[in-house]
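Work out the full structure: start from the sequences and follow the hints.
Number of protein chains: 2
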Amino acid sequence: MAVYTDVSADDLAEFLRRYDVGELLSYKGIAEGVENTNFLVHTTAAKFILTLYEKRTAESDLPFFLGLMEHLAARGITCPQPVKDRTGGMLGRIAGRPAAMVTFLDGMWIRKPDAGHCAAVGEALARLHLAARDFPIARPNALSVDSWRPLYEHAGPRGDDVQPGLCNEIVKELDVLEKNWPRNLPAGVIHADLFPDNVFFLGDGLSGLIDFYFACTDTLAYDVAICLNCWCFEPDHSYNVTKGRALLSAYTKVRALSDQERQALPMLARGAAMRFLLTRLVDWLAVPEGALVKPKNPLEYFRKLRFHQSVTSVSDYGIAS
Amino acid sequence: MAVYTDVSADDLAEFLRRYDVGELLSYKGIAEGVENTNFLVHTTAAKFILTLYEKRTAESDLPFFLGLMEHLAARGITCPQPVKDRTGGMLGRIAGRPAAMVTFLDGMWIRKPDAGHCAAVGEALARLHLAARDFPIARPNALSVDSWRPLYEHAGPRGDDVQPGLCNEIVKELDVLEKNWPRNLPAGVIHADLFPDNVFFLGDGLSGLIDFYFACTDTLAYDVAICLNCWCFEPDHSYNVTKGRALLSAYTKVRALSDQERQALPMLARGAAMRFLLTRLVDWLAVPEGALVKPKNPLEYFRKLRFHQSVTSVSDYGIAS
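These protein sequence lines are chains L and G, in that order. Counting from 1, one number per residue, gives the positions in the first sequence under the numbering used here. Counting from 1, one number per residue, gives the positions in the second sequence under the numbering used here.
Please keep in mind that the hints were generated in silico from the structure rather than gathered at the bench. The C-beta atom is built at its ideal place from N, Cα and C for all residues, glycine as well. Watch out, some of these pointers could steer you wrong.
Here are the simulated DSS-like cross-link-like pairs (lysine-lysine), alpha carbons at most 27 Å apart as the crow flies [to be verified]:
1) L/K47 x G/K84
2) L/K55 x G/K296
3) L/K296 x G/K55
4) G/K112 x L/K47
5) L/K84 x L/K47
Using C-beta positions, here's what the derived DEER-type ranges look like [stated by the list, open to error]:
6) L/L91 x G/L130: 47 to 53 Å
7) L/G116 x G/S147: 49 to 55 Å
8) L/N184 x G/K296: 51 to 57 Å
Below you can see the structure in the form of structure tokens.
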């Protein structure tokens, strides 16, 4: 939620001259994205999002991210489409940062999703998985099971400052996850961060998917498990099986889940909860007390983890076991 | 630089139904304005800025601010124009906050203004002063000379933490300002915050003035002194008399400055420097160490104050004495 790097009008106009996008009319830093700086740019031709990649996004990953968006857009997935400069390049530099411009997508993200929204996101996720099948670049998931213990050790024993006993719970769960993590399921490109604020709707219809900067190559069903975590819980952290059923049913209509994938869902969901618990914990502990920007509460995902631990059958998620 | 209050798509669509502005297509929180929450709203009809007024803006002042923008826009000043709802009202409520929608202005603010930009702002300021002459509402300046000592006392002796000896310098200067403040000069509506980021340009031409939320009734020449402070100094805090001359000459071509106003300029410029020094000092001291959002350095205005104290004649600013 910040503009980390300011851009002068002169620098931006200079940058835009490399593109066939008309004349600059205005640009505003927007309060979206926690990793990078984003400007909404209006030109005489259209609206664009200009992203300056800050240090948390590796420059070597940009061809994967930008190439993926282009690949998906060409296959009918409504996602931001990188704008090519006159030489065909998608990546430029501005204000000392790698930068790219993508098309602007109309639509709003839904603060309180209902089962209909969950169905729409389930369908879109499956379509994304299918459309990316022939995407030629691979990118290992830097935030999968092997990274979680180092992440935890980075946050260290201060987890107990957030909630007494939290550290012990995390360590116990990491033992379970490392021992039981499903490793031989169908893999491919996953979005890996398809939270409600990354899915736009116009009216009742899904109008686009954004923010592919955690996308990577990993277990497809893990992406489903991430969506169950971020779309199907109520504000009181209870799991809403109607939403879960809607999401899973819509997903499987487009891409079937094998028996192995279904049986793995509870463990994948535990892992997904752990991944967001840990990254939020690190962010939470990194911010000084009294700071103006409050990071997201990590305990939300601890409560979701508790639910997943209590699941006895995948049917608890709203899908036949 | 923050979105203090989030707005759901449903709440916004509901809010917009009171207006004749078409259907909602998108909205983004923008990183502009330090006092209020601003969204850039696209509808099928046009682009708008939606402002949610947070607690630092008094609701009782909103008719002044909104009425002033409407008044100025009707007189050819390019500034945001409040959008009226179907009943003719300009003020609504959303997410528990008073809120208003204004037209979106194209243009960019200039990070490194040159003398040409200074001339444009001088002319625009004079036009604003003339256009507001018959504006019927008055609003005393809550940040004028009488408020400075209380502001200083609020920041307290901690000013010396920012720079040793600063407190003593402030107190001495407050004594001078309170004793010598020019009180009988022509008054009217002033913008009071016409910093570079509140003035838009398209190409070389000034395309609009924004952010009227410090506007008030006060000495017109004080507004000129504020602009000298924020437009005519170099990054090393030296005064650029070429820029000053450009600004003052363009201003006086539209609205003459009387002898009394000219002679008062150095004292008014000292006061303007003190006003921004003090509010920045309060903000600076209010933010905890290590916070993500860094307030602006108050010492910039201490250095400008030093220049104004050294001035022996108004001709030092680039205008005949």
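Hints, one by one, checked against the model:
The hinted pair formed by L/K47 and G/K84 meets the criterion: a straight-line CA distance of about 26 Å does not exceed 27 Å. Our distance criterion of 27 Å between C-alpha atoms is met by L/K55 and G/K296, whose separation comes to about 23 Å. About 23 Å separates the Cα atoms of L/K296 and G/K55, which keeps this hinted pair within 27 Å; it holds. Taking the CA atoms of G/K112 and L/K47, the gap is near 25 Å; set against the 27 Å cutoff, the hint holds.
Proposed proximity of L/K84 and L/K47 is supported: the alpha carbons are some 15 Å apart, at most 27 Å. Between L/L91 and G/L130 the beta carbon distance is about 49 Å. The supplied range of 47 to 53 Å therefore holds. Roughly 54 Å separates the CB atoms of L/G116 and G/S147, a value that falls within the hinted 49 to 55 Å. Range check, L/N184 to G/K296: Cβ separation about 56 Å, and the 51 to 57 Å hint holds.
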